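All chains should be modelled from the sequences, with the hints used to inform the complete structure.
There are 4 protein chains.
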Amino acid sequence: MAGLTLQPKRKERLGDQLYGQILEQIVSGALKEGDKLPSEKELCLMFEVSRPVVREAMMLLQADGLVVARQGSGTYVQRRPPQGLIAIAGASDIAGILRCYELRVPLEGEAAALAAKRRSSEQLGQIKAALDDLGRVVEARASASAADFAFHRAVAEASCNEMFVSILESLHAAIENSMAVALNITREGSDQRIRRVLDEHSRIYEAIAMGDADAANLAMRYHINRARQRITDQHQDV
Amino acid sequence: MAGLTLQPKRKERLGDQLYGQILEQIVSGALKEGDKLPSEKELCLMFEVSRPVVREAMMLLQADGLVVARQGSGTYVQRRPPQGLIAIAGASDIAGILRCYELRVPLEGEAAALAAKRRSSEQLGQIKAALDDLGRVVEARASASAADFAFHRAVAEASCNEMFVSILESLHAAIENSMAVALNITREGSDQRIRRVLDEHSRIYEAIAMGDADAANLAMRYHINRARQRITDQHQDV
Amino acid sequence: MAGLTLQPKRKERLGDQLYGQILEQIVSGALKEGDKLPSEKELCLMFEVSRPVVREAMMLLQADGLVVARQGSGTYVQRRPPQGLIAIAGASDIAGILRCYELRVPLEGEAAALAAKRRSSEQLGQIKAALDDLGRVVEARASASAADFAFHRAVAEASCNEMFVSILESLHAAIENSMAVALNITREGSDQRIRRVLDEHSRIYEAIAMGDADAANLAMRYHINRARQRITDQHQDV
Amino acid sequence: MAGLTLQPKRKERLGDQLYGQILEQIVSGALKEGDKLPSEKELCLMFEVSRPVVREAMMLLQADGLVVARQGSGTYVQRRPPQGLIAIAGASDIAGILRCYELRVPLEGEAAALAAKRRSSEQLGQIKAALDDLGRVVEARASASAADFAFHRAVAEASCNEMFVSILESLHAAIENSMAVALNITREGSDQRIRRVLDEHSRIYEAIAMGDADAANLAMRYHINRARQRITDQHQDV
Chain X
0 MAGLTLQPKR KERLGDQLYG QILEQIVSGA LKEGDKLPSE KELCLMFEVS RPVVREAMML
60 LQADGLVVAR QGSGTYVQRR PPQGLIAIAG ASDIAGILRC YELRVPLEGE AAALAAKRRS
120 SEQLGQIKAA LDDLGRVVEA RASASAADFA FHRAVAEASC NEMFVSILES LHAAIENSMA
180 VALNITREGS DQRIRRVLDE HSRIYEAIAM GDADAANLAM RYHINRARQR ITDQHQDV
Chain Z
0 MAGLTLQPKR KERLGDQLYG QILEQIVSGA LKEGDKLPSE KELCLMFEVS RPVVREAMML
60 LQADGLVVAR QGSGTYVQRR PPQGLIAIAG ASDIAGILRC YELRVPLEGE AAALAAKRRS
120 SEQLGQIKAA LDDLGRVVEA RASASAADFA FHRAVAEASC NEMFVSILES LHAAIENSMA
180 VALNITREGS DQRIRRVLDE HSRIYEAIAM GDADAANLAM RYHINRARQR ITDQHQDV
Chain R
0 MAGLTLQPKR KERLGDQLYG QILEQIVSGA LKEGDKLPSE KELCLMFEVS RPVVREAMML
60 LQADGLVVAR QGSGTYVQRR PPQGLIAIAG ASDIAGILRC YELRVPLEGE AAALAAKRRS
120 SEQLGQIKAA LDDLGRVVEA RASASAADFA FHRAVAEASC NEMFVSILES LHAAIENSMA
180 VALNITREGS DQRIRRVLDE HSRIYEAIAM GDADAANLAM RYHINRARQR ITDQHQDV
Chain V
0 MAGLTLQPKR KERLGDQLYG QILEQIVSGA LKEGDKLPSE KELCLMFEVS RPVVREAMML
60 LQADGLVVAR QGSGTYVQRR PPQGLIAIAG ASDIAGILRC YELRVPLEGE AAALAAKRRS
120 SEQLGQIKAA LDDLGRVVEA RASASAADFA FHRAVAEASC NEMFVSILES LHAAIENSMA
180 VALNITREGS DQRIRRVLDE HSRIYEAIAM GDADAANLAM RYHINRARQR ITDQHQDV
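Top line first, the protein sequences correspond to chains X, Z, R and V.
Each residue of the first sequence is one higher than the one before, counting from 0 in numbering that gives the first Met the number 0.
Each residue of the second sequence is one higher than the one before, counting from 0 in numbering that gives the first Met the number 0.
Each residue of the third sequence is one higher than the one before, counting from 0 in numbering that gives the first Met the number 0.
Each residue of the fourth sequence is one higher than the one before, counting from 0 in numbering that gives the first Met the number 0.
None of these hints come from the bench; they were simulated from the model.
Computed from a predicted model, the values in this text were never measured in an experiment.
Take the hints with a grain of salt, since some may be wrong.
Repeated chains share a single entry, so a pair holds when one copy, or any two copies, can fit it.
[Stated by the list, open to error] Derived pair list, reagent style DSSO-like, types lysine-lysine, alpha-carbon separation capped at 30 Å: (1) K35 x K127; (2) K116 x K127; (3) K127 x K31.
Below is the structure:
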C-alpha cells in the first residue's frame, strides 16, 4: 500500500471559525443557557459571512448539542461546556477536537472489532499492559494523555491493518490534545468519574480478550462518544 | 486542528507479505478452489516465519473470504479472485487494497451520514455533478477511477468535517488504485454489472438528497463492501 | 423461554390516524409535490386533535420522506408515493406498513448476521431453495409475497434463535401485506426493477453462505430499506 | 396494522436443550474453567442427538462466551456464570434468557434511536419518571425488575411506533425474568455495580433528552450487552 501521504493542511473552514466564535461566547457566559441566538440574517451581518457559512456553523453547534433549534421560534443555547474548557484548549481548538471525535467513533470502533477477531496473544498482552499503565497514571492523577493514546494505539495495532495505525498516528496531536482536555476535566472531577473512565477502557479490553467483535465495537464507540460528551457538557457525571 | 501529519511509511507487515505470496498461488492456479493449504507448521518452515505471522496471514485470507477453516480438518481455498487481477494490480498490492476497504467502510459510511444531515444545496449539487460525470465515463467504458474518487470526495466534503476529506486525500493513491482494479473488472464485465455500479452510487446520492442519514450510511457501506467483493470473487454478479 | 404472549391489539394511535389522512391527500393529489401543508395550529383545528398528535403525525411523515420541514417557513410535500398505492393497500394500512419496516431493518439485519455465523448446511440449503422459488415466481410475474416471506423466514430460522422466527411469524400478516404492496409495484415496474429485487435477495444469501456476518447484516438492512423506499417514492428506480 | 398474533409456542429446539445441559455442568462445577469438552462425536453418543444439534449447541455456547474453540485442539470451558445463577433461574431458562438478549440489542437500540428523534415532552417525562422510580427501588435494594421493565417500555412508547411496544410486551415475561436474574446478581454485588446499572440507564435517558439518536442507540445497545455479560460472567465488575 504505497502512497499514504497527506496533503498540506488546508485553511480552516469559515464555518469552523464562526463555530469557534459563538462557542467562545457560550463558554464565557456572554450567551447563557436558554438564551436565544441572533437570527441567520443577523449573524450574516455581524460576522460578514454568507448564509451557507452561518448554516454550517449552526448545524455543527446543534450536532455538538450546544444549541437547539425550536421550529418557528429560533435557536437557543442548550448547554454550556465545563468552565475551564477554553482555558485548557483555546476556543479555536474546540471545533477541531469535536470534529476529531466524529471521525474516531467509526474508525476506532471498527479497529476494536477487527482486534477482537485477529489479535495475537502478544498483541492482547500489549493492550493489557497499556490498560494497566493508564490505571496507574490516572489513579495518581498525573497527566494521562500519553498513556491513553498508547492504549488506543495498541488496539489499532491488534487490528492487523496498518492503515488504522497510520491514521491514528496522523491524528496523534489532535487526539492527545482532546485527551488532555477530557482527562483534565476528569482529573478535576470526582473519584466516580475517574472510575468510569477506567471502567470504559476495561470493557474494551475484555471484549477484545473474549474475541467478541460486536461487543468490542460497541464498547469503543460508547467510550469515545462519552469522552466527547464530557467535553461539551459540564453537568455530565460530575 | 493543527498537527495532521503522517509518519513515514512503516515497513510492510510480515503477515501481509505472506498473505500476498499465498494469494499469488491462488490467483495463478497453483492452489485451486477446494485445495487444502499446508499446515501452520509446514507454512512456518516453507516461508521461514514465526507462528504468529502465519496465523495473521491465515486470518486475513479468511477475512477476505479467500480460504475457509474447517474445524479439525484444515484450511481450504474457498474462492479465486478474477483472472486478470494480478495482471492489473500486482499481488503485492492486493493486501493493501483489501485492507483499505476495511477502513473505507466505516469511514465513508459515517461521512455519508453526516453529509445527509449537513450538506448545503451547493454541496449536494457537487455530488450530483460528480455522479453525472461518473455515469458518462462509465457508459463510455473509459477509465473511471478519477471520476469515482471525485464522487466519494464530494460526499466527504459535504460532511462539513475537513478530517474526512484529509484522510480520503491521504488515501488517494491507494483508493484510486483499488478503484482502477474494481472498475477494470467491471469494464470487462457485463452491461448488468455496469448498471449496478452506477445504481449503487445513485442510491448514495438520493439518500443524501433526502437527508436520510441512516439510509446514506447504509448505501455507502453496502457499495464499498460490494466493491471489495467484486475484487475477491470472480463469480460475483458477472 | 416461556411466556411469549401478545397483548390484545391496542387501539390505533391518533398520530397514525392523522398520518393516514394526510397521506391519503398526498396520494390522491389533493396535496401535490411542493405544496405547503397547513400550520400545526390549523391542523389541530381541522382534525380536532391536540398539538402532540399533530407533531407526531408530522414527524412520521418526515421520517418517511413524504414531507420536509424548512426552518422558519413551514412544511412541504416532498414526494408522492406511487399512483396505485392506495388502491392496493388502503390508506389506513400504509402507516402500519411503514412502521413495520422500521422494525424489520434492525431485527432481520441481526437475524441475517447470526445466520451467517450459525447456519447449518441444511439451513443454508433451505435459504437457497427459498431464493430459487422466489426467482421462479417473480420471473413469472406471479404473486410473490408468500415466496418472499418464506425466504425471510428461512434466514430467521438459520439464526438458531427461535425468538426471531416467532416475531417474524407474529408479523406475518403485516409483512406479507407490505410485500404484496412492494412486489405489486415491482410487478408493474420495469424488468430492471425485478432484477434488482432478486439481486438484493441473492446478496443476502451469498453473505450468509460465505459466513460473513457484517456483509449479511448490511445486505439485509439495505434490502429492507430499499423495499421501504419503493413504497414511498414513485420515482425510485422505475 | 392488523394481524399481530403469535403462533403457539413451538417445542424447544434440541440445540437449546443440549446447551442447557452442558451449561448446567459448567455452573455446577462438574466442568471447570479450562476443562476440555468431549468431542462432537462423543457428545452425539452421550446425548443421543445428531451432529447438527451438537454443532448448534456448541456455537451458542461459544456465542455466549462460555466455551472457546482452539483450532486443531478442541473446545474448552472459558468462563463460569455466577454461582447463584441456576438457583435463581433454572438451567433450562438460561438459554432462553441469553437468546432474548440477542433480540433486545438491535430492537431496543432502534427504539431508543427513534425515541431520541420523536419523543414528545410528555413521553420524555414518562421516561424520566421511570428512571427515578428505578433509582429508588435499586437504592433500596428491593426487587427492581418491574421498574426496570417500565423504563424500557417507556422508551419503546416514545418511539411513536406501536410495534416496538407490542413486541416488548410480548416478551414481558422473558424480559422480566432475565432482569430479575441480572438485578439479583447486581443486588448481591457491590455498591459500584449498582451505581453502574443506574448510570447506564441515565445515559440512555440523557441521549434521548438531547435528541441524539446515535448516542441513544449506542447507550441502549451498550446497556443491554452489559446486562447479558453480567449473567454469563461472574468476574464482571464485581
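Going through the hints against the structure:
{"no.": "1", "hint": "K35 x K127", "result": "between (48 Å within a copy, 26 Å between copies)"}
{"no.": "2", "hint": "K116 x K127", "result": "both (16 Å within a copy, 28 Å between copies)"}
{"no.": "3", "hint": "K127 x K31", "result": "between (43 Å within a copy, 25 Å between copies)"}
In summary, this structure violates none of the numbered hints.
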